[in-house]
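*Asks:* Chains as they are written, first to last, in my numbering: chain A, 1 to 358; chain B, 359 to 785.
I should point out that these hints are in silico values taken from the structure, not numbers from a laboratory.
The beta-carbon is built from N, C-alpha and C at its ideal position, and this holds for glycine as well.
Check the hints yourself; a few may be wrong.
[Said to hold, decoys possible] Sample of chain A residues facing chain B (criterion: CB under 10 Å; computed from the structure): (1) N149; (2) R150; (3) G161; (4) V259; (5) P313; (6) V317.
[Unchecked claim] Partial list, computed: chain B residues near chain A (C-beta under 10 Å): (7) Y432; (8) Q462; (9) S518; (10) G657; (11) C784.
This is what each chain is made of:
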Amino acid sequence: MLYREAGDFSTTYPEDSQTFPIKFDRWRYYAVLFIAIFVIPFVINDYWVNSIFMPFLIYAIAAIGLNILVGYCGQVSLGTGGFMAVGAYACYKLMTAFPDVSMIFHVLLAGLITAGVGVIFGLPSLRIKGFYLAVATLAAQFFLVWLFNRVSWFYNYSASGQINAPEREVLGVLITGPNTEAWATYLFCLFFTIASAIIARNLTRGSIGRQWMAIRDMDIAAEIIGVNPLKAKLTAFAVSSFFVGISGALFFAVYLGAVEVGEVFGITKSFLVLFMIIIGGLGSIFGSFAGAAFLVLLPVLLKVIGVDLFGWPTDIVAHLNLVVVGGLIVIFLIAEPHGLAQLWRVAKEKLRLWPFPH
Amino acid sequence: MKYRLGTWAVAATMAASPVMADLVFPSLSYRTGPYAANGIPFADGYADYFTLLNERDGGIGGVPVRVPECETGYNTEKGVECYESTKGDGALVYQPLSTGITYQLIPKATADGIPVHSMGYGRTSAKDGTVFRNIFNYPANYWDGASYAIKHLLQVNDGSLEGKKIALVYHNSAYGKEPIRTLEELSEKHGFELMLLAVDHPGQEQKSQWLQIRRERPDNVIMYGWGVMNQVAIQEAANIRFPMENFIGIWWSGSENDVRPAGAAADGYKALAFHNVGDDFPVFEDIQTYVVDAGKAAGAGDQIGTVLYNRGLYAAMLAAEAARTAQEIHGVDEITSEMMRDGMEALSITEERMTELGLPNFGPTFEVSCENHGGGGFVAMAQWSATDDQWRLISDYEQSDQDVIGPLIAEDAAAFASENNITPGCN
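Construct the entire structure; sequences and hints are all you get.
*Replies:* Following this line, the structure appears as structure tokens:
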């Protein structure tokens, strides 16, 4: 009834090709943005930002990045944790080397550095694919973590081998360190998340995105119709690593504040982000958000219900969490291989016909 | 209608605001994951001691104690979530039992004015209370441990370690890397050769490290391990027939869980300790009566008297004593986290007090002051006897080499202070 194309006329090409062609969808999108930018910062507190919003926003960026590589370009990667570590350590080195520069530049530069590293580790993708590429990226994961543990230059020779985010600001507002305000860190991460999503969306529906998808669907056919696999694959690695690097930088500098590479950016992180895009939906920006929200919120929700509401022992709830997440992944892979994004698509299709389905 | 909505809102905020009726000691525990075997007994001991205080004495100074538990899985992200979700509750002190989470909490808790007690772990230079105002690590820290291990080896080797080779097998994390600086200084001072062998998290795979030990034949091995890494290391040492009495673990590598899997081969393995072992103390009778028999024991209730249970109990005892001190200083029963900090800074543990608490000769006596948040650094050596299936202290509490550790702490604390623009001081 509300959700329909009827009566919504596009008179220009930009109008016709916009991301949300349906009016109701568009207004919903504006409403979400409005609430996220103008309402949440005023009501948010430390708990909400540190336990829910910040991990969600940062993982969403990582999921968008990985989704470009795996979902759009079809290059399986298990190196997300390692690339996030590159972002984090690049950001740390930049923060300590140039203390007066705004955090925005540090985070962007960290993303660019990660993009460079991503291209280097993406080179094998020109020769190998599928499982073999997954193993090559797995090597990147272990190599990068080992490197940041081994070479003390990366952690400024600190005795503990940890990196700690010093206090840095943007336009006079503290963004990192312990004395930050909840709204400031939230808005900082939100800015990067929205920008990443818009850039990713527009990249994926432009010519470069079409090249990625052609490579994903059949690389030989793509080559025959004139797609340059070298360019397509390496740009996918670069763009993907750029977003993953940004998320790693934010994860370290804004969210955690202190990082130990083996523990925070280990192989489990790579799998977590991979699960996010599998559950959320491969090849979908919305799916990246849905997957990140799902895997960030579910443990918190289970904890609140189990421990705070029912008073169950904490270990039972922690184990239950593993069981539930594992079970859901299996169920999703069987019942809806295209993830939450597909459910959303189906729901929208149904809504268009509602209340008179054929 | 509008009026009613308003009342609901008021009622909701009142329900959500912290209830100050009790003393809150959050327990950031880990009963799952690769470190659970070590996390469970500590959490049980921590919870049981407070349950005992509630049941026997009605709390601390008449105010009941609440111990909300939050599962971290030894994971820093979950640790942050746990900290954020419990700090609004009126939390008095945090004891995360994880060096990684402690590093997270040092700036956060300092900004929030909540003390952190990292007992025998965390950042060693937190001993300098003029820089780390809210962080405490009494009664002993990692560097005390490293120094005392060398002191023990000196005693065993008739006062000289010249030309000896000592290997450090460590958890490749902030925790395991802590003693390296101290051991390097000590190797210069005493002329032994130091060999560093890192083991990556979680540590089930140590074949190559022990192969290297077998090849290079160090005279002694010191281990900074935790969780499953300890069991594997002791088993590997047994496999290469490394003499167990030359193998010394830090206090985190010296519980029953670590040595039992290797069976009789673990006999003679040594570990450091900063509190006593066993359940031969009067307080355990009270725990039996008031906690276990009343069906209020935490967890499965099968850990009582184990090394890490005792450590949890000791941590709870020190926290309770600090709270009591805070109540005395400020003359209020319902203390805040700032008052708790003052109490911790004025804490004095004497033999008489420990006897009163039913823990005679349980730990070293020490006093905390603004300049010294770390106690005296008194450490003892324990040894495992596989035949009797128990740990035994084989030395008295002896002080570590403060001449070496003092300057290192001052240096590290000064670095932290300049990085974070802290002016050291006691106000």
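*Asks:* For the restraint on Y432/B, tell me whether the closest CB of chain A is nearer than 10 Å.
*Replies:* holds (8 Å)
*Asks:* Just to be careful: measuring from the Cβ of G161/A to every Cβ in chain B, is the smallest value less than 10 Å?
*Replies:* Holds, because the Cβ-Cβ distance from G161/A to chain B comes to roughly 5 Å (cut-off 10 Å).
*Asks:* Should the hint that G657/B touches chain A count as held when the rule is a Cβ pair under 10 Å?
*Replies:* Nearest chain A Cβ about 8 Å off; hint holds.
*Asks:* Hey, does the C784/B contact hint survive, CB to chain A under 10 Å?
*Replies:* At about 21 Å, which exceeds the 10 Å cut-off, the nearest Cβ of chain A leaves the hint on C784/B violated.
*Asks:* Does P313/A hold up as a contact with chain B if the rule is Cβ-Cβ below 10 Å?
*Replies:* Hint on P313/A: holds, closest Cβ of chain B at ~8 Å, below 10 Å.
*Asks:* With chain A as the partner, please determine if Q462/B meets the hint condition of a C-beta pair closer than 10 Å.
*Replies:* holds (5 Å)
*Asks:* For the restraint on S518/B, tell me whether the closest CB of chain A is nearer than 10 Å.
*Replies:* At 28 Å from the nearest chain A Cβ, S518/B fails the 10 Å test, so the hint is violated.
*Asks:* Can you verify the interface hint for R150/A: is its Cβ closer than 10 Å to any Cβ in chain B?
*Replies:* holds (9 Å)
*Asks:* For the hint on V317/A, does the least C-beta distance to chain B fall short of 10 Å?
*Replies:* holds (7 Å)
*Asks:* Quick one, is the V259/A hint okay against chain B at 10 Å, beta carbons?
*Replies:* Since chain B brings a Cβ to about 8 Å from V259/A, closer than 10 Å, the hint holds.
*Asks:* Can N149/A be said to touch chain B, with a Cβ gap under 10 Å?
*Replies:* holds (6 Å)
The structure shown violates the earlier hints numbered 9 and 11.
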